[in-house]
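Join these two chains into a complex; the hints should help.
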Amino acid sequence: MNTLSLTARISLLFAVAASLVLLTTGYFLTRAVEAHFVEEDRHELNGKLELIQNLFKHASSQKELDLLPQQLDDALVGHHGLAVAVTDAVGDIWFASSGADFPHTLLQDCQAQPAGCATGTLQQWKQSGISYRGMAVSMTTGDGRPFAVAVALDIQHHVLFMNKFQTVLALAIALAALATAGLGWIATRWGLFPLRQVTHMVAGISAERLADRLSVTGLPTELKPLATTFNAMLARLDESFRRLSAFSSDIAHELRTPISNLMTQTQVALSSARNKDEYKEVLYSSLEEYERMAQMVGDMLYLAQTDNRLLKPGLEKVDLAHEVQDLFDYFEAWAEENAVKLALAGSASVPGDRLMLRRALSNLISNAIRHTTQGQAVQVSLSRHGNQAIVSVENPGTEIPAEHLPRLFDRFYRVDPSRQRKGDGAGLGLAIVKSIVEAHGGSIAVTSTNEMTRFQLTLPALAE
Amino acid sequence: MKPFAFAELLARVRSLLRRGQAGLEPAVLKAADLELDLLRRRAMRGGRKIELTAKEFALLELFLRRKGEVLPRSLIASQVWDMNFDSDTNVIDVAVRRLRVKIDEGFASKLIHTVRGMGYVLETLPENAGP
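Chains as they are written, first to last, in the working numbering: chain A, 1 to 464; chain B, 1 to 131.
If we strip away everything but chain B, and leave its shape as in the complex, we get (with noise of 0.2 Å):
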C-alpha cells in the first residue's frame, strides 16, 4: 500500500468528478496563453514551442490538472517522480524553477506561483501581482 496524503485524495476524486461532467479527457490542456498538447507531447505558449523534458512535461501536465491548487512538494515528488518519501534536499525546488523559467520567463503574466510554507500553484491571476 502506499502512503497517500489525504489532500491528494481529496484532488484525486475531484478530478475524477470533474472527468465524469466533462465526459472525457481533454487532449489539450490550457491555461492563459499556455497550451499543452497531451497527444503530441508538445508544450506551446503563446504561440512560441518550448522544449520540455519528460519529467518537465509530466511535472507541467500536473500542475495544468490541478490548476488552481496548491501542490505540496511531497506530491509533486509522488506524482511525477514516485518518490512517496521525504527527501532532505530541495530537488523539487530546482525542478519547478527550471520548469518556471521555460514557461513564465519573457512573458508578463507568471503561472507558476510560489505559496510559502506549502508548495507551489499554476493559476492565471487577473494582474501581474503574484503574493
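In isolation and in its complexed conformation, chain A is listed as follows (with noise of 0.2 Å):
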C-alpha cells in the first residue's frame, strides 16, 4: 500500500473537513429558507381566509348567498395564482375559481370532521407539474349553513427559487472545499519547510563528517527534541567511529613496530657471514618477538570473543575470596621481588565464569602490583551492598591524571604514549578486565588521587 504524503493526507483532511462543514451549513440554510416560505404562505392563504369567512358570515340570507359566487370573485381579482373551492353540506362542489384541482381529501375531511378544520392544516401537493400549498377549514353563513372552504396557493416560483438555490449553494460548497484543499497544501507545504530543512541537513552528513551537528536554534519546539535526540545519536555514533578507526590504526601499529623489528634484524643477519651461535641469537630474539606478537592477538582475539558475547561466561558460585587468594599465591614472589605486599579483607561470592573472572582479578591485581610504589600494599575488598558484589583493588602510587581515566580501558591505551611495550603487555588488560565484567552484567569504575588509585568492581551478587 502506498503512503500518502504527509502534505497531501493534511490537504484531504481540510477539504472534507470543510465540505462536512459546509454541507451541514448548507443543510439548516435550506431547511430555514423553506420554513420561511411555509410561514409566509400560511400567512397568506389565512389572510383569504379571513376574508372569505367574512363574506360567508354576511350572508345571512339565500338571496345573498346567491351573490356570494360573484363577491368571490372579485375578491380574487388581481390575485394571480389563488384557487378558492367551497363546497356545501353535502360535499357537492358549490363554487370553484379557475386554477387548482383540490385533492378531494382535503375538503371531504373537512366535511367529516368540522373541528379539525378550525385552524386548518397547511398541505402541499402537485398537480401537473405544478406545486401548490394549500388548507380547509369549515365556516357557517350569517344563517347557519355550513360549507367548507379550501383556498391554495402556486408555489411554483418557490420551488424554483429554492432548486436554483441548493445548486448554487452545491456549487459553492464544491467551489470551497478544493479552495480549502489548496489552501491546505500551500500551509502544509509551508508548515513542514522546518522539517525539510533538517532533512536537507541530515542528508549532509556522510561518514567523514560526523562531527557535524544540527543547529537546533530556528527550528519550531516540535523539532527541536528531534534535532537534539539526533545530535546525541550522532555524537555516540561519531564517539564509536572513532573508536573503532583509532583501534584498527592501533591494531596495525601495534603489529608493524614488532615485524619491521623482526624484518630489519634478519636484514642484518642475512647482510653477512655469521657463525651458528650467532644466527642462533638472531632466532631466540625473533622467538621472543613472535610470542608478544602472539599473546597479543591473542588477547585480541579473547576480548573480539568476550565483547560479542562469544565467550558466554557459565554460571557457577565463584567465591572471590579463594579467586584472590590464589593469585595472590600465584603472584606472591613477584610482589616480593618488587617489595610489594598484598592483602585481602572481606569475602563475597558472584555466580559466573570462575575463570574468566580469575583472568578479569588477574589483571587488575598485576596492573596493581605493577604500579605500587615500593614496600607499600595492594589492598583488595570484598564486599556485599544489597544483592550486588562490590571488588575493589587499591594500591597506593602516582595519581593518573584525570583526563586518561575514562579511557584507561579502552584497547591500546597507555597513559604514556612514549612507554615501551617491554613488561607491560599491549594496552589491553583493562579491556579484557572490562569486557569479562560486562559480560557477567557488572560494571567497572576507576578513581585515582595523588596516593591512590583504585578500580572497583560491580558484579551482581551470588542470591543467597
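Everything labelled a hint here was simulated from the structure, so no lab data went into it. Being a predicted model, the structure only gives us computed values, none of them experimental. Note that the Cβ used here is the ideal one computed from N, Cα and C, for glycine as well. A portion of the hints provided could be inaccurate.
[Claimed, not checked] Some, not all, of what chain B presents toward chain A, calculated at C-beta under 10 Å:
#	residue
1	ALA54
2	TRP81
3	ASP82
4	PHE85
5	ASP88
6	THR89
7	ASN90
8	ILE92
9	ASP93
10	VAL94
11	ALA95
12	ARG97
13	ARG98
14	ARG116
15	GLY117
16	MET118
This is the structure in C-alpha cells:
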C-alpha cells in the first residue's frame, strides 16, 4: 500500500472537514429558507380565508348567498395563483375558481370532521407539474349553513427558487472544498518547511563528517527534541566510529613495530656471513618477538570473543575471596621481588565463570602490583551491598591524571604514549577486565588521587 | 573445558606410560644428588635439607616428574598455580629463580636450566656446562 505524503493527507483532511462543515451549514440554511416560505404562505392563505369568512358571515339569507360567488370572484381578481373551492354540506362543489384542482380528501375530511378544520392544516401537493400549498376550513353562513372552504397558492416560484438556491449552494460548497484543499496544501508545505530543512541538513552528514551537528536554534519547538536526539545519536556514533578507527590504526601500529623489528634483525643477520651461535641468537630474539605478537593477537581474539558474547560466562558459584587468595599465591614471589605486600579483606560470591573472573582479577592485581610504590601494599576488598558484590583493588602510587581515567579501559590505551611495551603488555589488560565484567552484567570504575588508585568492580551477587 | 597445550597432553600421556611400566608411583623423586620425598614433603640435596614453600615444592615436583623436558612458562603456570592464561608478568621467572637459588646455589652442578625462548628444564648434565 502506498503511503500518502503528509501534505496530501493534510490537504485531503482539510477538504473533507471543510465540505462537512459547509454541507451541514447548507442543510440548515435550506431548511430555514423553506420554513420561511411555508410561514409566508400560511400567512397569506390565512389572510384570504379571513376575507372569505367575512363574506360568508355577512350572507344571512338565500339571496345574499346567491350573490356570494360573484363576490368571491371579485375578491380574487388580481390575486394571481390563488385558487378557492367551496363545498356545501352534502360535499358537492358549490364554488370553484379557475386554477387548482383540490385533492378531494382535503375538502371531504373537512366536511366529515369540521372541528379538525377549525384552524386549517397546511398541505402541499403537486398537480400537472405545478406545486400547490393549501388548506381547508369549515365555515358557516350568517344563517347557519355549513360550508367547507379551501384555498390554495401556486408555489411554483418557491420551488424554482429552492432548486436554484440548492444548485448555487452545492457549487459554492464544491468550490470552497477545492479552495480549502489548495490552501491546506500551501499551509502544509509552509508548515513542514522546517522539516525539509532538517532533512536537508541530515542528508549532508556523511561518515566523514560525523562531527557536524544540526543547529537547534531557529527550529520550531516540535522539531527541537528531534534535532537534539539526532545530535546525541550522532555524538555516540562519532565516538564509536572514532574508537573503531583508532582501534584499527592501533592494531596496525602495534603489529608494524614488531614486524619491522623482525625484518631489520633478519636483514642485518643476512647482510654478512655469521657463525652458528650468531644465527641462533637472531632466532631466539625473533622467537621472543613472535611470542609477544602471539600474546597480543591471542588477547585481541579473547577480547573480540567476550565483547561479541561468543564466550558466554558459565553460571557456577565463584568464591571471590578464594580466587583472590589463589592469585596472591601466584603473584607472591613477584610482588615480594617488587617489595609490594598483598592484602585481602572481606568476602563475596558471585555467579559466573571462574576462569574468566580469575583472568579479570589477575589483570587488575598484576596491574596494581606493577604500579605500587615500593614497600606499600595492594589492598583487595570484597563486600556486598544489597544484591551487588563490590570488588575494589587499591594501590598506593602515582596519580593517574583525570583526563586518562575515562579512556583507561580502551584497547591499547596507555597513559604514557611513549612507554615501551616491555613488561607492560600491549595495553589490552584493562580492556579485557572491562569486557569480562560486562559479560557478567557488571560494571567497572576507576578513581585516582595522588596517593591511591582504586579500581572498583560491581557484579551481581549470588542470591543467598 | 580447560584449555591445554598439545605438549602438555603429550607429556601427560608419556608420564602415564612410564607409570604403567613402573607399576606404581615412586614415593621419592630423584635427580643427581637431589631427592624429593613426596610422602614426607621434604627436599634434600647432597644430604642437606632444603626448606621449600608449598608452591616451590609443587614446582620442584613438576620439574622432577618431567625431568629432561622443557617446560614452557604457560605449562608451569597452569600446573602449579592453575592459571590457564598467559600473563604479561614475569611471575614464573621470579618463582623459578627463587627455587633455583634454594636448590642450585652452592652446588657445582646446576639442575635447573633456562631454555631460551622456550622455558625451563631440569636435567643432570654430564659436565658443569649449561647451555
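Here is how each hint holds up against the structure:
1. ALA54: holds, 8 Å
2. TRP81: holds, 4 Å
3. ASP82: holds, 7 Å
4. PHE85: holds, 5 Å
5. ASP88: Hint on ASP88 (chain B): holds, closest Cβ of chain A at ~4 Å, below 10 Å.
6. THR89: Since chain A brings a Cβ to about 5 Å from THR89 (chain B), closer than 10 Å, the hint holds.
7. ASN90: Because about 7 Å separates ASN90 (chain B) from the closest Cβ in chain A, which is inside the 10 Å limit, the hint holds.
8. ILE92: holds, 9 Å
9. ASP93: Interface hint status for ASP93 (chain B): holds (9 Å vs cutoff 10 Å).
10. VAL94: Holds. Min distance 5 Å.
11. ALA95: With a closest approach of 5 Å, the ALA95 (chain B) hint holds.
12. ARG97: holds, 8 Å
13. ARG98: holds, 6 Å
14. ARG116: holds, 5 Å
15. GLY117: Since chain A brings a Cβ to about 4 Å from GLY117 (chain B), closer than 10 Å, the hint holds.
16. MET118: This hint holds: MET118 (chain B) lies near chain A, its Cβ roughly 8 Å from the closest one there, short of 10 Å.
Checked against the numbered hints above, the structure breaks none of them.
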